[in-house]
Amino acid sequence: MAHPTDVSAPSPAPKSAARRLSRPTEVGSNSLPEAFASVRVPAAEAYWFRRFLAFVGPGYMVSVGYMDPGR
Numbered sequence: 004m005a006h007p008t009d010v011s012a013p014s015p016a017p018k019s020a021a022r023r024l025s026r027p028t029e030v031g032s033n034s035l036p037e038a039f040a041s042v043r044v045p046a047a048e049a050y051w052f053r054r055f056l057a058f059v060g061p062g063y064m065v066s067v068g069y070m071d072p073g074r
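So the sequence shown is numbered by this note's numbering: it starts at 4 and just counts up by one.
Since the hints were made in silico from the structure, they are not lab data. In this text the structure is predicted, and so the values were computed from the model without any measurement. Careful: at least some of the hints might be erroneous.
Said to hold, decoys possible - Ranges of calculated distance between the beta carbons of each label pair, as one might list FRET restraints: (1) 73 / 47: 32 to 42 Å; (2) 47 / 70: 10 to 20 Å; (3) 37 / 71: 20 to 30 Å; (4) 49 / 73: 30 to 40 Å.
For glycine and all other residues, C-beta sits at the position ideal for the given N, C-alpha and C.
All chains should be modelled from the sequences, with the hints used to inform the complete structure.
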């Protein structure tokens, strides 16, 4: 004997594994706060080369990480 099912009741949405295993975070908090930091640029009266290096250093690291597959 089959039991009737109520089709009008919405079924609970399945939760993904990532959603179930993750911890709730505070609203507005960053997961990697160091990634949201700013690069300190030397003052305008500093040598242009020092200001240039403030941008080249992080750019070089990103480019090496992009090109190097890590094998």
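Verification of the supplied hints:
1. 73 / 47: 32 to 42 Å: holds (39 Å)
2. 47 / 70: 10 to 20 Å: violated (33 Å)
3. 37 / 71: 20 to 30 Å: Distance hint for residue 37, residue 71 holds at roughly 21 Å.
4. 49 / 73: 30 to 40 Å: For residue 49 and residue 73 the Cβ distance comes to about 35 Å; the hint holds.
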